[in-house]
Amino acid sequence: MASKEAVPSPAQGVGPTYRTDEEKPTATVSKKVSYENVHVLPQTPQLIALLTMIRDKRTVRADFIFYSNRIIRLLVEEGLNHLPVVEQSVTTPVGRDYLGVKFEGKICGVSIMRAGEAMEQGLRDCCRSVRIGKILIQRDEETCMPKLFYDKLPADIADRWVLLLDPMFATGGSATLAVEVLMQRGVPEHRILFLNLIASPSGVAEFAERFPKLRVVTAFIDQGLDDKKYIIPGLGDFGDRYYTL
Amino acid sequence: MESTSPFYSVVPEVKYSPPWHDLSIIGIAGSSGSGKTSVAMEIVKSLNLPWVVILVMDSFYKTLTPEEHAKAHANNYDFDCPDSIDFDLLFNVCTREYNDSDEDDDSSKKAHIPVYSFANHQRQTQTTTLYSPRVLILEGILALHDPRILKLLDVKIFVEADMDVCLGRRVLRDVRERGRDVEGIIKQWFTFVKPSYTKFVEPQRHISDIIIPRGIENITAIDMVVKHIQRKLQDKSESHTEALRKLGLLAAKVELPQNVHVMPATPQFVGMNTVLQDPATEHVDFVFYFDRLASILIEKSVFIALDMTPYVQTTVETPQGNKYLGLHPKGSVSAVAILRGGSCLETALKRSIPDCVTGRVLIQTDASSSEPELHYLKLPPQLEEHSMVMLLDPQMASGGAALMAVRVLIDHGVSEDKIVFVTCAAGETGIKRLIAVFPKINIIVGRIEPDGEPRWMEKRYFGC
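For the record, the sequence lines run as chains Y and A. The opening residue of the first sequence carries number 1 in the UniProt record's numbering; numbering runs sequentially from there. The opening residue of the second sequence carries number 1 in the UniProt record's numbering; numbering runs sequentially from there.
Rather than coming from a laboratory, the hints here were simulated on the basis of the structure. Remember, predicted model here, so these are calculated numbers, not experimental data. Be aware that one or more of the hints could be misleading.
Pairs of lysine-lysine, DSS-like flavour, derived with a Cα cap of 27 Å [claimed, not checked]:
{"id": "1", "chain 1": "A", "residue 1": "K323", "chain 2": "Y", "residue 2": "K228"}
{"id": "2", "chain 1": "Y", "residue 1": "K106", "chain 2": "Y", "residue 2": "K134"}
{"id": "3", "chain 1": "Y", "residue 1": "K57", "chain 2": "A", "residue 2": "K199"}
{"id": "4", "chain 1": "A", "residue 1": "K151", "chain 2": "A", "residue 2": "K199"}
{"id": "5", "chain 1": "A", "residue 1": "K236", "chain 2": "A", "residue 2": "K15"}
{"id": "6", "chain 1": "A", "residue 1": "K156", "chain 2": "A", "residue 2": "K71"}
{"id": "7", "chain 1": "A", "residue 1": "K459", "chain 2": "A", "residue 2": "K330"}
{"id": "8", "chain 1": "A", "residue 1": "K459", "chain 2": "A", "residue 2": "K300"}
{"id": "9", "chain 1": "Y", "residue 1": "K32", "chain 2": "Y", "residue 2": "K134"}
{"id": "10", "chain 1": "A", "residue 1": "K246", "chain 2": "A", "residue 2": "K15"}
{"id": "11", "chain 1": "A", "residue 1": "K236", "chain 2": "A", "residue 2": "K246"}
{"id": "12", "chain 1": "Y", "residue 1": "K57", "chain 2": "Y", "residue 2": "K32"}
{"id": "13", "chain 1": "Y", "residue 1": "K57", "chain 2": "A", "residue 2": "K330"}
{"id": "14", "chain 1": "A", "residue 1": "K300", "chain 2": "Y", "residue 2": "K32"}
{"id": "15", "chain 1": "Y", "residue 1": "K31", "chain 2": "A", "residue 2": "K300"}
{"id": "16", "chain 1": "A", "residue 1": "K330", "chain 2": "Y", "residue 2": "K31"}
{"id": "17", "chain 1": "Y", "residue 1": "K102", "chain 2": "A", "residue 2": "K300"}
{"id": "18", "chain 1": "A", "residue 1": "K300", "chain 2": "A", "residue 2": "K232"}
{"id": "19", "chain 1": "A", "residue 1": "K62", "chain 2": "A", "residue 2": "K187"}
{"id": "20", "chain 1": "A", "residue 1": "K246", "chain 2": "A", "residue 2": "K232"}
{"id": "21", "chain 1": "A", "residue 1": "K45", "chain 2": "A", "residue 2": "K110"}
{"id": "22", "chain 1": "A", "residue 1": "K187", "chain 2": "A", "residue 2": "K71"}
{"id": "23", "chain 1": "A", "residue 1": "K459", "chain 2": "Y", "residue 2": "K102"}
{"id": "24", "chain 1": "Y", "residue 1": "K32", "chain 2": "A", "residue 2": "K323"}
{"id": "25", "chain 1": "Y", "residue 1": "K229", "chain 2": "Y", "residue 2": "K134"}
{"id": "26", "chain 1": "A", "residue 1": "K323", "chain 2": "Y", "residue 2": "K31"}
{"id": "27", "chain 1": "A", "residue 1": "K440", "chain 2": "A", "residue 2": "K15"}
{"id": "28", "chain 1": "A", "residue 1": "K323", "chain 2": "Y", "residue 2": "K229"}
{"id": "29", "chain 1": "Y", "residue 1": "K57", "chain 2": "A", "residue 2": "K350"}
Make the full structure from the sequences, and use the hints.
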């Protein structure tokens, strides 16, 4: 079985650096990957506690939605920091000069239906009037390969930075196809940010190599995939748990 | 040759006492029915300040034994003799040493005032809490009797009235308000009240500072007392402001320690700060970006909270039956908003902790004296048991309000290291002042701003 071959995820003390390991509780943290374009959120006790909630099968839907939204906001905030800014000086309400920055460049979100749409709320919490395109990709029953069924994207998407949304990243088939669609529409690879909750180590490695200029921001890289190509330990079907269960 | 003077090697002890630690107590004595209560009420009304409190000595009647109890109901118990009053308890409340908690902290905390039932002649099990008054008006027939209490009094007042008038008023009051019958009242008057007046009450006249004849009608005398109290409060306010200023000078040299967390200046964070500080930003945008920025601060404090909270290792099962070794935080987190500004941060707070228990404290800085003043306080019960208490204030200038708010929490039993002060922007001197007095609290600051920046963020957020 594939799950037995996979290297176990590291379990380590979680907490601030000034504490000794004995003082920290142990928890399973994200696997490390050595790709410069893959950014894993800091494995704080806070993040681990949030992930523990959404992985737990006993967590009811309302709580699942609440806790995943909190992680998604952390992801979006981290992702947005990869966007360019330009210096801007303002005179404050008390008449003082403040040298700040201005957000540069237009953005848009693109969610891979259906689970990716669950991340739209988190994105809107941080970017209020963001445009959101959609891509529907399903597995073709004959070829067992992901197939593009539908897309609706902003007309000027080639001029925008794209935040591609998909919470679960297993083999990466849909995400790869989605990136190809975006690139066909003229979006340069370096202007795509892929926001993801839980990724498989093999999937994310392959993806990072195939698109070296695209940036991946993920909360957690899990242990591996089982023989049905589900992420383990994972959290079940994200779309089902968010929308229907 | 340059060398450090040995005198500087002694680090001065940094302390902050809020204005209410410097309490003024005014004693009002006089015969039963002389109009003490009305005079006290009139003084409170004229001062019109929330921190003037009347302490009625009737609350300090000793609980009666069964025999005494029977006597009292037969109007045979002497309530006018000094022995019937628990002066020890009264003294403790006035010096605020009386406290239910066992903490050894010698700083004054809230005092618990007994509630006395006249119908049952018994102390009730519940008490009322007295916290942070700056003027205490002690009113009772024997307010100037106990020498220990006399020493605490700033002003000693004796209210005088004709004894016939006193009796008349007493009959009316006891029948109307305390459910007694006229016969009993008259009996009590001649057996106890009048003899006691000559023996204990009247002698207080000679040691009083002011004698107010005709009670409430004597507007001139009441006005004099009010003016005197106002002058005293003004002096105390000036010395408090001066103490705050000195604290700033003292703290200026200290470096920011590691429990002061200044948010990293990421592009997005600086960008949001730019939007917020730009007067051209529309109100809706201001609110949106403020909430977004505040959410990051709150998540940061939750992170700090989890660091302080004990957490439990837990193995959960995913829907596919896989096991995951994770964490569950243990303990509860609560927040106290320093009004009015602190409530700006509540939208963000509710995003991360929708059911967060939230207390409120209204501290306003007096525009003329720049002294922070505590107007209102409503804290959640069992606050001291929470694993963290966030103190919310969008902007901290001099740190005066922050010092006061932290002091209030500590006085209510919250331990210093469990307090996390959350603010969007703060001046460096203010932070240093706060951390010099309370070195164990955590401070989360969005942005360090120049010292002496006036508060403006809440005005922008609320639009007025």
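Restraint status (C-alpha distance of Y/K57 to Y/K32 at most 27 Å): Holds, at roughly 26 Å.
Pair hint A/K300 and A/K232, alpha-carbon separation not exceeding 27 Å: 44 Å, violated
Holds or violated: Y/K102 to A/K300, with C-alpha atoms at most 27 Å apart: This hinted pair holds, its Cα atoms lying about 24 Å apart.
Restraint check for A/K459 with A/K330, where alpha carbons must lie at most 27 Å apart: 37 Å, violated
Given hint Y/K228 paired with A/K323 - CA-CA distance at most 27 Å: 17 Å, holds
Hint consistency between A/K459 and A/K300 [alpha-carbon to alpha-carbon, up to 27 Å]: 25 Å, holds
Hinted pair A/K440 and A/K15, Cα distance within 27 Å: Satisfied, since the Cα-Cα distance of roughly 14 Å is no more than 27 Å.
Pair hint outcome, Y/K31 versus A/K300 [Cα-Cα no greater than 27 Å]: Status holds; Cα separation ~23 Å.
Hinted pair A/K459 and Y/K102, Cα distance within 27 Å: 23 Å, holds
Hint consistency between A/K156 and A/K71 [alpha-carbon to alpha-carbon, up to 27 Å]: Roughly 33 Å between the alpha carbons, so the hint for A/K156 and A/K71 is violated.
Proposed proximity, A/K15 with A/K236 (alpha carbon, max 27 Å): 17 Å, holds
Given pair status - A/K323, Y/K32, alpha carbons within 27 Å: 20 Å, holds
Violated hints, listed in ascending order, are 3, 6, 7, 9, 18; each of the other numbered hints is respected by the structure.
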